[in-house]
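There are 2 protein chains.
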Amino acid sequence: MTRQLHFNLFLHDTGHHEASWRLPESDPHANLSLAAHQHLAKVAEDAKFDSVFLADGPALFSEPGRRPSGKLEPTVLLAALAVTNSRIGLIATASTSYNDPYNLARRFASLDHLSGGRAGWNIVTTAGEAAARNFGLQDQPLHKSRYERADEFLEVATKLWDSWTDDAIIADKESGIHAVRDRVRAIGHQGTYFRVEGPLNVPRSPQAHPLLVQAGSSEDGKDFAARWAEAVFTAQPTLAESQAFYADLKRRVVAAGREPDQVVILPGIVPVIGDTEAEARELDAELERLIAPEHALAQLSTILRIDPERLKLDEPLPADLPDEDEIEGMKSRYTLIVNWGRRENLTVRQLIGKLGGGRGHRTFTGTPVQIADTIQQYFENGAADGFNIMPAVLPSGIEAFATKVVPILQERGLFRTEYTGSTLREHYGLPRPANQLELISQ
Amino acid sequence: MTRQLHFNLFLHDTGHHEASWRLPESDPHANLSLAAHQHLAKVAEDAKFDSVFLADGPALFSEPGRRPSGKLEPTVLLAALAVTNSRIGLIATASTSYNDPYNLARRFASLDHLSGGRAGWNIVTTAGEAAARNFGLQDQPLHKSRYERADEFLEVATKLWDSWTDDAIIADKESGIHAVRDRVRAIGHQGTYFRVEGPLNVPRSPQAHPLLVQAGSSEDGKDFAARWAEAVFTAQPTLAESQAFYADLKRRVVAAGREPDQVVILPGIVPVIGDTEAEARELDAELERLIAPEHALAQLSTILRIDPERLKLDEPLPADLPDEDEIEGMKSRYTLIVNWGRRENLTVRQLIGKLGGGRGHRTFTGTPVQIADTIQQYFENGAADGFNIMPAVLPSGIEAFATKVVPILQERGLFRTEYTGSTLREHYGLPRPANQLELISQ
Ligand SMILES: Cc1cc2nc3c(=O)[nH]c(=O)nc-3n(C[C@H](O)[C@H](O)[C@H](O)COP(=O)(O)O)c2cc1C
Ligand SMILES: Cc1cc2nc3c(=O)[nH]c(=O)nc-3n(C[C@H](O)[C@H](O)[C@H](O)COP(=O)(O)O)c2cc1C
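The listed protein sequences derive, respectively, from chains A and B.
Heads up: the first sequence begins at 1 in UniProt numbering, then just goes up one per residue.
Heads up: the second sequence begins at 1 in UniProt numbering, then just goes up one per residue.
The shape of chain A in the complex, shown without the other chains (with noise of 0.2 angstroms):
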């Protein structure tokens, strides 16, 4: 068979243009609506998509006055959808920095036990300082801290999972024997950020673990992602940088002793889709004037950690902006989006109007056909191995790509007709883990 895409449907109530919820069709509570969830995961499991996945963050980050902000919690939420939807993969934020690992990797495991090995985690370390603010810190702690607990989290939490071997569990009512004494134990953990004792009090899940996703694409963030991601979310404006991304971090991989197709890149693109290229076309201007953009200006701010003041509609960025070192947020985004604005010398208006839509991941427009040329284009010269997708507008975006890319790829052999496999493991073709407690005790 020839390799295969993946999708992953990248959740966003009424979708991921920030003025979305302001079309006529759409529902203005679907953030808070579970019947929205539906059926967006209906949609994309009908179309077999690997997997759906909810972005997270413990605070409000966007001011609620101009778009829906307030969010459910993933875990919760996926759970929810665990029940309704068989087959597709449940991927769910969490951060690193305000979690404490027991109880993340236990959310995890529950999440995988009830829906039959469908659990994902896209691990984060949560930029900023509203998040910080919500836990005791006046302040976010460094990049570079931030990843060192991830690191340490991320070894907690995988000695948690495999804390139970997979025959633990004998349940032998004769002998009132439910689980063999030794195949349960303690992990011991001492550390610079964790001492945890375990076992878990779960037993090992479908997945042995969630499957571990990431989406940070700093320079310690690919380093990370070379050592835990099975698979990587990533906001690359161009095919070229994408090329380079997805070279770059299978060189981390290998280097980090690891399968290059052991690490699954999707990029994120946003699908606008018409029957014809002005339809197409039509749709992102309409969007475009539903910006408003002081509320655009006041995030992108944020982002460049500079005054609102200093921006000016209609002028270029500042040219004395501070390189990415500096930064302690999102580094990656960060430099994206000061290099997107340099190179194609746009005014700050322009830059908003193509952030707004995708917040730096690329935006394709096009008829069906277009869009899907694109993405082969992408997976068949070194930039992807699938794409996670973000709609615009949403449920029609994804009902569009569903009902009109989706069957194009299919029919050219690249994307899957029917779930071959049961788990999300299987559905991104990733081997189900070793229990490393198992093999250092033989």
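Among the hints, a few may not be true.
[To be verified] With a Cα cut of at most 27 angstroms, we get these calculated BS3-like pairs of lysine-lysine: (1) K173(B) to K144(B); (2) K42(B) to K42(A); (3) K173(B) to K354(A); (4) K173(A) to K354(B).
Keep in mind that the hints were calculated from the coordinates and are not lab data.
Fair warning: this is a prediction, and the values are worked out from it, not measured in the lab.
Once you have looked at the hints, place chain B with the ligands on chain A.
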């Protein structure tokens, strides 16, 4: 209408009797099975129960060998049950000692949104070193400081739940205003245990916040309940003790400036139902035979905090046990067990037999009419507002209770035949909480 009973089903895989998993009818993997939990919740909902409830703690508490010991995390599991059940309330236990208020307040708000107002939180402080050692501590914090932290935790959580007014979201597509700015407010909490800026990133939920449930019966526990709880679980082995507890707690509620009927008191009962008395007693005896005494000994010695060697199966409890004051773990459970053993002059083996079924809760063994009579007696004599039903064996025990005992109580006009409200708080006849922050700012 006459005063109505309330029923909660305490979910516990194959039943509350520790040997229940060994019965031929039992699925020994029920603890990890979504389907098994769905079935239990469905039976309870068909019988018009107010709620189902999951106990919890962030550690592997019991030795895994002797009974199913792994547990799915409750908020995640109940989110899944929210989808398959549309009316019944969903009460999850979570610890104030081993969670951050921001994350936990958010998960409960999310569960309340996605269940349409059916979330409840059983607030516990979590006794024991096992949990402490999973969170970087050598031993549990002192009982007193656990309750101090719990108090401040509730202060923070309730402020977060009030950080959006009910009318904050206007979702006006025309003006592009989604939420009214000054209706979403930081809480700026600065306390001894927590500094939390807020606001929560989930808007106010259908119930305003989850029903607050509490289950500690020590002095500090009861004072905490008087301040915060809307429903209270308790283990009381006799009618007289139940009456004393009931009167004591209602008195404390009044002393805390609340109405006595704003707190619903639910003692636990273990119904062992037979169509004849002899049949009921035979089921009791069979379960007692299945208990592995060495395991029960180990468990008892942990609660009593003495060397297991000092417990002799055919002798009474040692005379020189410590006072409750010296116990930093589960104070009230400790006293209950010691008093029970002494009052009835039980051998350790007999005490274990009685505890095996209900861990200190009252066992009602008898025919459906006898059980209905006892329930009515408690209810009408100042001992209970309803019951926490803890069948020794599941699902058969709740099926028997639902089909044989509930109809008798319905005929007597003591229990609903249809749900009249849609939220958990409406089931318990409790008012929706006002918004503290809104009152202050007016
Ligand atoms: C598709 C995608 C989704 C992301 N989702 C989240 C998220 O949910 N929460 C979060 O804090 N960061 C999220 N990020 C951001 C990254 O995880 C990371 O925090 C950010 O890129 C900064 O990390 P870096 O400094 O390593 O680049 C996402 C990034 C991408 C590309
Ligand atoms: C019905 C019932 C359920 C309980 N569930 C839990 C639980 O899930 N987790 C827990 O840590 N304690 C649980 N407890 C114990 C109490 O919350 C409390 O921790 C214990 O009684 C010790 O508190 P105290 O010292 O105030 O009595 C439960 C108690 C009762 C009566």
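Quiz prompt | Violations among the numbered hints | solution = 1
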